[in-house]
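Engineer: One-letter residues, chain by chain:
Protein chains: 2
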Amino acid sequence: MNNTYKHSLSTHSKIEQISVNRCFDGEQHYYRHESTATKTPMTFSIYLPDEALAGRRCPAVMYLSGLTCNADNVTHKAHFQQKCSELGMIFIAPDTSPRSRDGQDVPNDERYFVGQGASYYVDAMQQPWAENFNMQSYIVDELYDLLRAEFPIDSIGITGHSMGGHGALLLGFKFPSKFVSVSALSPVCAASESAWGQAAYSEYFGDDKSLWKQADASQTIADVGQQYPSILVDQGAADNFLAEGQLQTPKLQEACEKAQQPLTLRYHASHDHSYYFIQTVINDHIEHHWRMAQMG
Amino acid sequence: MNNTYKHSLSTHSKIEQISVNRCFDGEQHYYRHESTATKTPMTFSIYLPDEALAGRRCPAVMYLSGLTCNADNVTHKAHFQQKCSELGMIFIAPDTSPRSRDGQDVPNDERYFVGQGASYYVDAMQQPWAENFNMQSYIVDELYDLLRAEFPIDSIGITGHSMGGHGALLLGFKFPSKFVSVSALSPVCAASESAWGQAAYSEYFGDDKSLWKQADASQTIADVGQQYPSILVDQGAADNFLAEGQLQTPKLQEACEKAQQPLTLRYHASHDHSYYFIQTVINDHIEHHWRMAQMG
Numbered sequence: 001m002n003n004t005y006k007h008s009l010s011t012h013s014k015i016e017q018i019s020v021n022r023c024f025d026g027e028q029h030y031y032r033h034e035s036t037a038t039k040t041p042m043t044f045s046i047y048l049p050d051e052a053l054a055g056r057r058c059p060a061v062m063y064l065s066g067l068t069c070n071a072d073n074v075t076h077k078a079h080f081q082q083k084c085s086e087l088g089m090i091f092i093a094p095d096t097s098p099r100s101r102d103g104q105d106v107p108n109d110e111r112y113f114v115g116q117g118a119s120y121y122v123d124a125m126q127q128p129w130a131e132n133f134n135m136q137s138y139i140v141d142e143l144y145d146l147l148r149a150e151f152p153i154d155s156i157g158i159t160g161h162s163m164g165g166h167g168a169l170l171l172g173f174k175f176p177s178k179f180v181s182v183s184a185l186s187p188v189c190a191a192s193e194s195a196w197g198q199a200a201y202s203e204y205f206g207d208d209k210s211l212w213k214q215a216d217a218s219q220t221i222a223d224v225g226q227q228y229p230s231i232l233v234d235q236g237a238a239d240n241f242l243a244e245g246q247l248q249t250p251k252l253q254e255a256c257e258k259a260q261q262p263l264t265l266r267y268h269a270s271h272d273h274s275y276y277f278i279q280t281v282i283n284d285h286i287e288h289h290w291r292m293a294q295m296g
Numbered sequence: 001m002n003n004t005y006k007h008s009l010s011t012h013s014k015i016e017q018i019s020v021n022r023c024f025d026g027e028q029h030y031y032r033h034e035s036t037a038t039k040t041p042m043t044f045s046i047y048l049p050d051e052a053l054a055g056r057r058c059p060a061v062m063y064l065s066g067l068t069c070n071a072d073n074v075t076h077k078a079h080f081q082q083k084c085s086e087l088g089m090i091f092i093a094p095d096t097s098p099r100s101r102d103g104q105d106v107p108n109d110e111r112y113f114v115g116q117g118a119s120y121y122v123d124a125m126q127q128p129w130a131e132n133f134n135m136q137s138y139i140v141d142e143l144y145d146l147l148r149a150e151f152p153i154d155s156i157g158i159t160g161h162s163m164g165g166h167g168a169l170l171l172g173f174k175f176p177s178k179f180v181s182v183s184a185l186s187p188v189c190a191a192s193e194s195a196w197g198q199a200a201y202s203e204y205f206g207d208d209k210s211l212w213k214q215a216d217a218s219q220t221i222a223d224v225g226q227q228y229p230s231i232l233v234d235q236g237a238a239d240n241f242l243a244e245g246q247l248q249t250p251k252l253q254e255a256c257e258k259a260q261q262p263l264t265l266r267y268h269a270s271h272d273h274s275y276y277f278i279q280t281v282i283n284d285h286i287e288h289h290w291r292m293a294q295m296g
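In order, the protein sequences belong to chains A and D.
Just so we're aligned, residue 1 is where the first sequence starts under my numbering, counting upward by one.
Just so we're aligned, residue 1 is where the second sequence starts under my numbering, counting upward by one.
Bear in mind the hints are in silico, worked out from the structure with no lab data behind them.
Possibly wrong hints are sitting among the right ones.
[Said to hold, decoys possible] Covered stretches of chain A (chain D as the covering partner; in silico rule of three or more C-beta atoms under 8 Å from a C-beta of chain D): (1) 17-30; (2) 78-84; (3) 264-277.
Each residue gets a CB set at the ideal place from its N, CA and C atoms; glycine is no exception.
Produce the entire structure from the sequences given, and follow the hints as far as they go.
Structural biologist: Listed below in structure tokens is the structure:
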């Protein structure tokens, strides 16, 4: 049973507070706002340590979630709050796509790896997706600016899990001026070479595979070269999606070697793709982004 | 997305493994078994640190969940795994009641605080409840013996949240030979004096209020006197159920004073009744049970 109450951090003209819960020495907030990028309402969660609640600028990390998830999964199950409370770090969890609600019908697909919950954080170029599925613009422009306007954010790092790990690698290297640090947990490393990503990109971009490559994380890293002092990637060695070829982890290693981008890639014996793995490694990611923010 | 695989800890004659996930240096398991106490299938989760997986006897803590919950809520949201991994502690989460499933129709009530998900961990004496709602016998006899037979458990402490906090206090003081330690988070402290508990007990015990008193945690503590070196209770000061009188926390203080039972009762400013509060204090509870197990 969640007990929520209203708490106004500041004058939020564009965002509506849904809930506030005290958690460690900070507060877990949820917000809703009308997005111009997706032409739908969007929700996100943000953990604000007491330093931020007191108005002091703090480093932030944005976490992009994986297929089928929304902001709830990571907010409830990843247990980032304790470490963020200790360090004084802000943690932001956007939704994974626009969604049908309030009578608005957003395009979808029966497959869990295409459509709602499966945006891949790109700007779709084909209909029916192009109308609402503009998650790259949403993340790196609209939400990014909104967060900086409404919360005392010093710098932003980007991370994510699975499809969201691909989004973090892709957006981190496409927009290095926006982010001070990049990491990923169990990421899809090359969407254009995984069955999940191929299904999604054929919908979002059509048959022109040069467009797929421009939205492929490993290809982007290879193309743009080193952007960060180091990036951290954790992967469960018993992850069945790794064995299935959905994640294409060696492609990331090759790309980083080509780009001369320092990469710490750790395989964890017996660990799988679940939030039990995410909670096992999340503290290391928060500390990675914290250290990079201090360097910046 | 959860990725589960089978892993056999030992020869489990009476319990069937549902899932195993690696988490920190240990494994989160789920089991299902046929209960003679409730005459239904029952499920529970158990976190086994590597020491236990290697067959070494470890202290355990059993966590009784609150109204509307099952084992999933605490297993996903409380974040006990990291501390249990560090200390080498087993964490057991039973369900909150028998449930209708597999075509079996178990009694229920429209109110969320009576019936399925709301057993109060007592043995009901009135029909239709008495047939299946024997959760006291399930916890302190059947599940207790089954756990000791199937897992390398050294000693068992008991804790819980809200209704489950009442269960932990009640069963801990009714059966002190079974448990080495007691704690509670945001507990209902006196079921017979809270509106939730009165509704449940009038169903489970009928109108004889002497039976309610025998199943009241604070009354039981006052009656049996000191049983533990100390008990730990954490309470959110902004918990709306505290303000509503459902928790009756001062009754626990009075009972412990009468019983000369040392009590550490901590109120936490701004914290509510949610799992965000539970995760904030759970490490202290695991450490409490760990210390008590070392003393025993």
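Engineer: If a hint holds in the structure, say so; if it doesn't, say that too.
Structural biologist: Consistency of the hints with the structure:
1. 17-30: holds (count 5)
2. 78-84: holds (count 3)
3. 264-277: This one holds; 9 residues, not fewer than the three required, reach chain D with a Cβ under 8 Å.
Of the hints listed earlier, there is not a single one the structure fails to meet.
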